[in-house]
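**Q** Take a look at the letters that make up each chain.
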Amino acid sequence: MINESVPERQGAALVFLFIIGNSFVFGLARWAGRDLWLSFLVAIVLALPLILVYGRLDTLMHGQSFSEGLHRLFGKWPSRLVALIYSFYAWRLGCLVTGNITNFVQAVSLPDTPQVVMASAYAILVLWAVKEGIEVLARFSSVMVIFVLLILLTALALATTEVDLQEFFPILYDGFWPVFQGAFQLLDFPFLETVLLVGLANALTTKKNSAYKVLIPGFLLAAFFLMLVASASVAILGEEMYKITFFPVFLAIARIDIALFLTRLEVVVGVTFAIGGFLKISVCLLVASKNLAHALGFPDYRFLVTPLVLSIIPGSQWFAKSVMEMNLGATKIAAFTDVMVQIVLPMIFWGVAEIRMSRVRKNKAGKPSGI
Amino acid sequence: MLIVIVLGYVVVGGVELFLWKERPWQEVLVYLLLLSATATFSVLLTIDAQLPVPEPLGTLWNWLQKLWQ
Amino acid sequence: MFFWKKAKGERSKAKGLDRLSTSLEINVKWLKSNLFADDDTIVYRHFRTKEPQARQCVLIHADNMTKHEFLSDYIVRPMMSSSLPKELQGRRLIQHITEQVIQSDGVAVFTDYNKLAEGVVAGSGAVLVEGCNHGISVDAQGWERRSVTEPQTESVVRGPRQGFTEDLLVNVSLVRRKILNPALKVKILDVGLQTRTKVAIVYVEGIASKELVDEVFQRIERIETDAILESGYIEEFIRDSPNCPFPTIGHTERPDGVAGKILEGRVAVLVDGTPFALTMPYLLVEAFQANEDYYHHWIAASFHRTLRYISFFLTTSTPGLYLALVTHHPQLIPVNLSVSIAAARKNVPFPAIVEVMVMGLVFEILREGGVRLPKPVGQAISIVGAIVLGDAAVSASLVSAPMIIVVGITGVAGFVVSKLNDTAVLIRILLVVTSAILGIYGFLFGIMGIMIQLASMESFGVPYLSSLTSLTIQGSKDTIVRLPWWRMVLRPRHLAAKNRERLQRKSRSKTK
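Order-wise, the sequence lines are chains A, B and C. Residues in the first sequence are numbered consecutively from -3, following the working numbering. Residues in the second sequence are numbered consecutively from 1098, following the working numbering. Residues in the third sequence are numbered consecutively from 4, following the working numbering.
Some clues are possibly wrong.
Said to hold, decoys possible - Below, computed lysine-lysine pairings styled on DSS-like, alpha-carbon distance capped at 30 Å:
#: 1; chain 1: C; residue 1: K70; chain 2: C; residue 2: K118
#: 2; chain 1: C; residue 1: K35; chain 2: C; residue 2: K53
#: 3; chain 1: C; residue 1: K35; chain 2: C; residue 2: K70
#: 4; chain 1: B; residue 1: K1118; chain 2: A; residue 2: K72
#: 5; chain 1: C; residue 1: K349; chain 2: C; residue 2: K378
#: 6; chain 1: A; residue 1: K209; chain 2: C; residue 2: K501
#: 7; chain 1: C; residue 1: K32; chain 2: C; residue 2: K53
#: 8; chain 1: A; residue 1: K127; chain 2: B; residue 2: K1118
#: 9; chain 1: C; residue 1: K213; chain 2: C; residue 2: K188
#: 10; chain 1: C; residue 1: K181; chain 2: A; residue 2: K209
#: 11; chain 1: C; residue 1: K188; chain 2: C; residue 2: K70
#: 12; chain 1: C; residue 1: K32; chain 2: C; residue 2: K118
None of these hints come from the bench; they were simulated from the model. Here the structure is a predicted model, which is why all the values come from computation and not from measurement.
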């Protein structure tokens, strides 16, 4: 019947929700304090070339999945090793996000519910979604993105009553270093986590070059919104408050109080967090299962989903034991693995792919696509 | 509690294997291995909630620092 | 083994006998003793043609399935008054009769009993002539029909007042009168081993994709069942996601509805014996559309659409949200409201979940009781339900007053989206359960689960959410809002992929 590949806009919606995901309730770029909007700009400028590289990789591997592309590039065993690394990275990220959400929910609204219950509920949903595959996730996010955008825009609009622009001055009082620190942290989390979508964008698109149309708008929109939300939080709470609270955005929205009726809006933040987080966990687990399947040499990934998804229940508690540690874990400066996975390895793939591609072009002029 | 957890995993694995349309032995083997690993993981965490996260890169880093000095 | 042999033997014997004999007497006898044995409604009308070649003839038809005047005026009378040429015999005589004597448009010649019997039970008259081993069947269907009236289930304030009837050909003609274009194709199949129900597949060639039409054909041809008594049978046999309560095939009683759907590239299936036509593929947005949306001003129509979406949200979510807020997050309710709810619930002995479940159940019982009762009694039921049960339950402190409001909102909002009423009940129960476990997050999990299910569904290869997920203006022109007709330039992407333009350039430029 009609061959349904996910159109670019659905892909962009997926990327948007993936990046917004669990990140926006945290104090992003908290080192930068009142200059965090500068951090955001720097991070966007730094991330954009890398995201372009991700897009280029997708275009080069057009029509193939990430693991197939790796196989073409490096041969059997190295590609399996790389797939294993990515699988682990994705799994760890999934665990972290789950930990974040369960912690958040327990901290702000359901103090008596054990985290395991929440994690298990997530696991069930994620299990289902991952088994359905990337198309379903993209459709899901293109419906949800409307709600998330509406919620965020409404919250931001209402928050203008509380905003105090004086909080942003003086600019660059502490110099450039905190700004860069904040920017690097933003790169690691959440901007360059987009690397996980490199393999999936192939499933998202049928047309050549549309990987850019998926990744770039999604990324820019998400980054822009994160910047708005974080800046608004600083403007509402003030720098000091922003730095010391765990969930500054939550706190900032909680300040909104219009005519004693529009209060308690922070619950919608929780809603957004839960939706975005769900999508992020699902994408992580999807990537983890796909890459693990490739590493073990299986063509289909679906049979691996159940054990992997179930393992995020203990994993979420393992990686994020308390709100404190979770915050450190989520916002620490780029760890070695993250740099490897987000920057070094994609660069290597890109280089190798370009070289191979040009050779193919020389050998068989006129034969398109493939590495 | 432990028994409940293990039983839960056994039930999940059993039901899911039952639902598979075909069962190539490699897939079943990998599936069972992963599931039992997950179960072990859960059990370990239930016994000791403060289970340390291994940091191979951290040890490597420390070792390198020592070497530097 | 033995039985099988016997059955086979009987069949071959029947095969040897199933051709008409030249002897009229044998034919009639055989019919009376075999195919039409024990059937008293079959009429055998014997008559003779005029000299010089006077032949004994018989007209066989099923009583009340045919028009009597028609049979006597156009078959019996001409045959009795005509004199057949002497030299014609057998096959050529029959041909002469069909060409020169019988004055009817639907005439066919047959040679075996089964054809005769099929025709007779379907309402044709069969003419047998002495000395010929051929018979003539003449279309003379005529039975009691309900007239074309306004449909009960989909009445409109503005719009045509025609509804389908139980007669397939009348229904097809109603659709054809909407689309006076030879591209409108109607294919008729027989489905049901016992009932042999006529099923018409209607589509517009050039708009509906070939693959879709073929798929519908294949799925219907694959049905091998005894009976098709209503289009619901077919729906259940050919639909996607058969275990999901969301409908993946639509049904309508309105010819204008069917015409609108097939002009967008869908396929309609009309079934003899029921006024409900099926349309496929069916997407979620269609459940929120009404014919009238397209006849009213577009702003009004969009407003009504939006109301329907809101109502669907209310009818599915109110009890769950109420439960989540009252039991898990009382701090989220504004203080005054929270206090009054708490005051109302103070004397109620049951936990909120029991209240919600019991009241939901009572409401469903009242509704189910009211649906199929005669109208006066139905009203009595709703009065008893609303006033007596509701009011008495509150004053007896069995149920809190806010709960009555919740049930009331749920119920009334449910009637707005009547196409999803049964689905809404199930979703409501699901959301109540999840909210009871995890509060507002449980509620959210329920919603996300439903969204995953919806996102994974397809109807005849078209994603179930397709217009809602397009994220473009042209793609969502007919979803939550209805844009004016002069803005609906393209047909839906998934339905009419090859022939998308429905608004010609001239009218587009005129609007500017």
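**Q** Looking back at the hints listed earlier, which ones does the structure fail to meet?
**A** 5 and 10
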